[in-house]
Amino acid sequence: MNHFEALKVHEFSVTSQIVEAVLREAEKHNAKKVVEVHLDIGKLTFLGLEQVRFSYEVLVKGTIMEGSKLYIHEKDGTVKCSSCGYEGGFKYEDDPTYHIPTPTLHCPKCGETVEIVTGRECTIRDVKLLIEEGGKTNAD
Amino acid sequence: MKDVVKAEKGEIFDIELDIDILEANRRLATENKEFLKKNGVKAIDVMGAIGSGKTSLIEKLVQNLKGKYRMAALKGDLTTTIDAELIARHGVTVVPINTGKECHLDANLVKKALRRINLKNIDLLFIENVGNLICPAEFPLGSDKRIVVISVTEGPYMVVKHPFIFMDADVVVINKVDLAKAMGVDAKKLEKDVKAINPKAKVVATNCRSGDGITSVVEALEL
Numbered sequence: 001m002n003h004f005e006a007l008k009v010h011e012f013s014v015t016s017q018i019v020e021a022v023l024r025e026a027e028k029h030n031a032k033k034v035v036e037v038h039l040d041i042g043k044l045t046f047l048g049l050e051q052v053r054f055s056y057e058v059l060v061k062g063t064i065m066e067g068s069k070l071y072i073h074e075k076d077g078t079v080k081c082s083s084c085g086y087e088g089g090f091k092y093e094d095d096p097t098y099h100i101p102t103p104t105l106h107c108p109k110c111g112e113t114v115e116i117v118t119g120r121e122c123t124i125r126d127v128k129l130l131i132e133e134g135g136k137t138n139a140d
Numbered sequence: 001m002k003d004v005v006k007a008e009k010g011e012i013f014d015i016e017l018d019i020d021i022l023e024a025n026r027r028l029a030t031e032n033k034e035f036l037k038k039n040g041v042k043a044i045d046v047m048g049a050i051g052s053g054k055t056s057l058i059e060k061l062v063q064n065l066k067g068k069y070r071m072a073a074l075k076g077d078l079t080t081t082i083d084a085e086l087i088a089r090h091g092v093t094v095v096p097i098n099t100g101k102e103c104h105l106d107a108n109l110v111k112k113a114l115r116r117i118n119l120k121n122i123d124l125l126f127i128e129n130v131g132n133l134i135c136p137a138e139f140p141l142g143s144d145k146r147i148v149v150i151s152v153t154e155g156p157y158m159v160v161k162h163p164f165i166f167m168d169a170d171v172v173v174i175n176k177v178d179l180a181k182a183m184g185v186d187a188k189k190l191e192k193d194v195k196a197i198n199p200k201a202k203v204v205a206t207n208c209r210s211g212d213g214i215t216s217v218v219e220a221l222e223l
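Residue numbers (the numbering used here), protein chains in the order written: chain B, 1 to 140; chain L, 1 to 223.
Excised from the complex, chain L in its bound form (with noise of 0.2 Å):
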């Protein structure tokens, strides 16, 4: 046993320590993906810009796996059930998550969403994380994969202004493609711009309104 250390008055003693903030998180994040995975549940994780198409892409994946998958989604959002409601209309069950303030979900946040959802009816869920290109990033939530979307009215630099979020990318979808030439973007120097950071990303070019693009993000995602 140790002597007990007694200090002097005004005496300042000098503790090491090693407590990593963040691996609370990834611990959840751990739990989440077991607990999914004990329920034959598959979870991907679609995170991206402000306005880039993130719940469209979700409502066609979702018509498109109508019959092979039973599907749900969480839909992270700062407030309103707005982009909840649209994924629901397909027939599937939302759980809407209010973060207020915060400018991503969480591990905690997810794990809470999930005791909402009977997992034993379904075997894909989406997880709509809050539009952002920088903080989702830093807290893995437990998904088998992460999609990051981004579209060409953005403008021609959304990845080599945001180069970090690309890393943790599974799947890339550069959506709106219709409108690059009205934009005066090249969907190619963008994807080359992720393939620069992260060479086993794959990379999808879509339009989340008429449909195209949607089956190639389906392989990509080995669904």
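This is chain B alone, in the form it adopts within the complex (with noise of 0.2 Å):
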């Protein structure tokens, strides 16, 4: 894939937000270079893994967040119960045709309709940064 077959991808426009707003906050703290980001991302949301990592590779080229490690911590989603009051993960089908299991908006519990609680996140969580020699954090 190259850089413009990678803009078709929606990927890579959630990534070029993260990388923005990484950017933001590493100027904010005077920082010389990125080390690390971490991401959590929600198992509901449609963002395919391989496609974030491969824009990062292509938007952070050239920024102090070239050569910085991305790290993705992919997280369960969660659902509640109105009919009786089931707080927690999915039900998720085990059709063989299926081979990843399928959340379904079943009640695991009682089989209800269940409302979506989490899983569609996409939260930059932490972002390690290289300080600069005088340089101060303005960050609170």
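The calculated BS3-like cross-link candidates involving lysine-lysine, where the alpha carbons are at most 30 Å apart (straight line), are:
#1 L:K145 x L:K33
#2 B:K91 x L:K188
#3 L:K145 x L:K37
#4 L:K33 x L:K195
#5 L:K192 x B:K43
#6 B:K43 x L:K101
#7 L:K66 x L:K200
#8 L:K120 x L:K42
#9 L:K120 x L:K37
#10 B:K109 x L:K161
#11 L:K188 x B:K43
#12 B:K91 x L:K195
#13 L:K189 x B:K43
#14 L:K37 x L:K68
#15 L:K195 x B:K75
#16 L:K192 x B:K91
#17 B:K43 x L:K195
#18 B:K80 x L:K37
#19 B:K128 x B:K69
#20 L:K195 x B:K80
#21 B:K109 x L:K195
#22 L:K192 x B:K80
#23 B:K80 x L:K188
#24 L:K111 x B:K43
#25 B:K91 x L:K145
#26 L:K202 x L:K189
#27 L:K145 x L:K161
#28 B:K75 x B:K43
#29 L:K202 x B:K91
#30 L:K202 x B:K109
#31 L:K192 x L:K145
#32 L:K101 x B:K69
#33 B:K75 x L:K101
#34 L:K42 x B:K80
#35 L:K145 x L:K189
Think of the hints as simulated: they come from the structure by calculation, not from any bench.
Fit the two chains together into the complex; they arrive one by one in their own frames, and the hints show the way.
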């Protein structure tokens, strides 16, 4: 996949927002380099992790993020059932047609329809920055 | 006041953050929803596979609901205004949105497009998303209801192959059912596949060329 093909996947636009947000944060702290970026990605997002990684590599080139390590932490989603009060993990469809377990909106306890609570996030959780000499953090 | 932290040369700082990238779109979507509500406009997001009949469905809905609602449409496509013109010939305002290379509409594009419509003159808005069964579901636009359109000509496995988008559907339209026999596809099985993932989705079989099933779609949308 070349740079322009990468533009066609929505991970590219999401990842470019990630990179922009990290660069803004790095600037705020007068960082010289970004060393690590930790992302939490919910399993209910439509983000392909490989595509996120690929877009990241393309986007950080020539910035202080170049060479930084990207850690992606996948997060299970949770649901809430208004019928029986269940709150917790999904009921998964165990049809063998699905090679990956597919979450459903059936309550695992009573079978009624549940609402999604978490699993849709794509959050920058943590960044590690190399701070310039004499630099200071303006975080608070 | 907190102490100002000075870093030594070469020191690595660990900064904890909580920046949700998708949250920005969700916030804009909520703004769109409130803006539409304030203007008394109901919005329907029509998502679905390429060539499944999203535009035909909107055309038939517009014909069916003329007289009951004053309507407009936003029409997303990578390029061209071909489909936008198809809808516009029914006498409704259509704002084409060309996404270039993006595979979905997002709340910001919808916000921009909404400025081009006098919302005082309408009470129902269709937003036709880019043909795609994956990414559009990631980006809520601020609509009241979301439709997912598939058709039997795409084969029997469209639901099981793209399960996630159906979690976001209020109504699922299975189109071109007149061709089901020729295609060897069982529309009932597709319906069962939808219900397995999302029991609250209403499933309607249609033929958007003849108009069969359109009144059921109107009922399912509670219009």
